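Colleague: From just these sequences and the hints, can you work out the full model?
FYI, numbering that gives the first Met the number 0 numbers position 151 of the sequence shown as 150, with every residue one higher than the one before it.
Worth flagging that the hints you see were computed from the coordinates, not collected in a lab. Quick caveat: nothing in here was measured; it's all calculated off a predicted structure. All residues carry an ideal CB built from backbone N, CA and C; glycine is no exception. Take every hint as true, because none was put in to throw you off.
With beta-carbon atoms standing in for the labels, derived distance ranges: (1) 61 <-> 126: 26 to 32 Å; (2) 78 <-> 150: 21 to 27 Å; (3) 33 <-> 158: 37 to 43 Å; (4) 150 <-> 248: 21 to 27 Å; (5) 74 <-> 255: 19 to 25 Å; (6) 71 <-> 248: 29 to 35 Å.
Derived DSBU-like pairs: lysine-lysine, alpha-carbon spacing no greater than 35 Å straight-line: (7) 199 <-> 146; (8) 224 <-> 146; (9) 131 <-> 250; (10) 199 <-> 131; (11) 199 <-> 250; (12) 224 <-> 48; (13) 146 <-> 250; (14) 224 <-> 199.
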Amino acid sequence: MAAHEQTISDALQESVSVNGIENAPAPPAIPAADLRDPRQLYPRPPFEKQPQPWPGLASRMNPRPDHGEASYRGSGRLAGRKALITGGDSGIGRAAAIAFAREGADVAINYLPEEEPDARDVAELICDAGGKAARIPGDLRDEDFCKRLVSEAVDELGGLDILVNNAARQQARESILDITTEDLDWTFKTNLYALFWITKAAIPHLPPGSSIINTASITAFEPSKQLLDYSATKAAILNFTWCLAAQLASKGIRVNAVAPGPVWTPLQPSGGQTQEHLRVCPKTS
0 MAAHEQTISD
10 ALQESVSVNG
20 IENAPAPPAI
30 PAADLRDPRQ
40 LYPRPPFEKQ
50 PQPWPGLASR
60 MNPRPDHGEA
70 SYRGSGRLAG
80 RKALITGGDS
90 GIGRAAAIAF
100 AREGADVAIN
110 YLPEEEPDAR
120 DVAELICDAG
130 GKAARIPGDL
140 RDEDFCKRLV
150 SEAVDELGGL
160 DILVNNAARQ
170 QARESILDIT
180 TEDLDWTFKT
190 NLYALFWITK
200 AAIPHLPPGS
210 SIINTASITA
220 FEPSKQLLDY
230 SATKAAILNF
240 TWCLAAQLAS
250 KGIRVNAVAP
260 GPVWTPLQPS
270 GGQTQEHLRV
280 CPKTS
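Modeller: So this is what it looks like as structure tokens:
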């Protein structure tokens with residue numbers, strides 16, 4: 000190497016010396032992350048029989064579902080955002096509410112009046128994360144309420160740029176002969192009509208860059224014979240999502256769906272599956 004040439008390390012050392020910090024202490028060592036077996040982190044089925052009346056409460060389940068209360072750490076990715084989550088008191092909606100709040104968002108949750116104890120817990124977690132929480136109970140089978148839900152969320156949060164259509168009804172029936180017209184109407188209005196009504200009411204409030212997230216299900220692709228009406232609504236949600244995404248792309252609004260498998264939520268012990276199925280199901284997460 001020629002005498003006038005200088006290595007990168009020499010140049011860095013010269014810069015350190017010039018700035019008078021050549022004796023600065025070394026940065027602290029980063030501790031090694033714990034290596035944990037994911038198969039042993041959480042309880043696994045079979046679980047004890049524990050029927051609950053619809054719609055059920057997470058606080059009465061054994062084991063208690065893990066929504067990330069003790070594990071989720073945010074990094075400000077949703078700072079300043081304003082989200083409305085239906086079914087935000089438990090299950091997937093509760094996990095989303097906790098995550099969104101810890102990422103910096105203000106969150107409004109919808110739930111049935113019977114789910115108030117769980118909803119209060121979620122609101123407290125949102126506030127503990129530094130966000131604003133709005134609790135808006137009501138029955139999504141009512142079109143007028145769905146419109147009010149959006150209006151109240153916008154008023155409470157000061158706007159809206161994330162909509163999570165997550166609430167659902169799931170009741171296991173062995174045969175189509177066991178499903179009444181009332182049952183079918185209840186499931187379709189909760190799972191599909193409400194999604195349509197809420198989304199339609201929300202769109203005028205959503206600025207470019209907003210997101211709509213619909214909760215579908217693996218049953219849209221692999222329907223369970225015990226969940227005929229529920230599976231039909233989840234398949235419809237996928238097509239609704241694809242069509243709406245194409246419609247709103249020009250407005251800069253993203254529309255996506257998630258399709259999870261079985262999740263340990265109050266939906267299951269309150270009639271979403273038979274108690275015997277819950278005991279033997281190996282894939283509940």
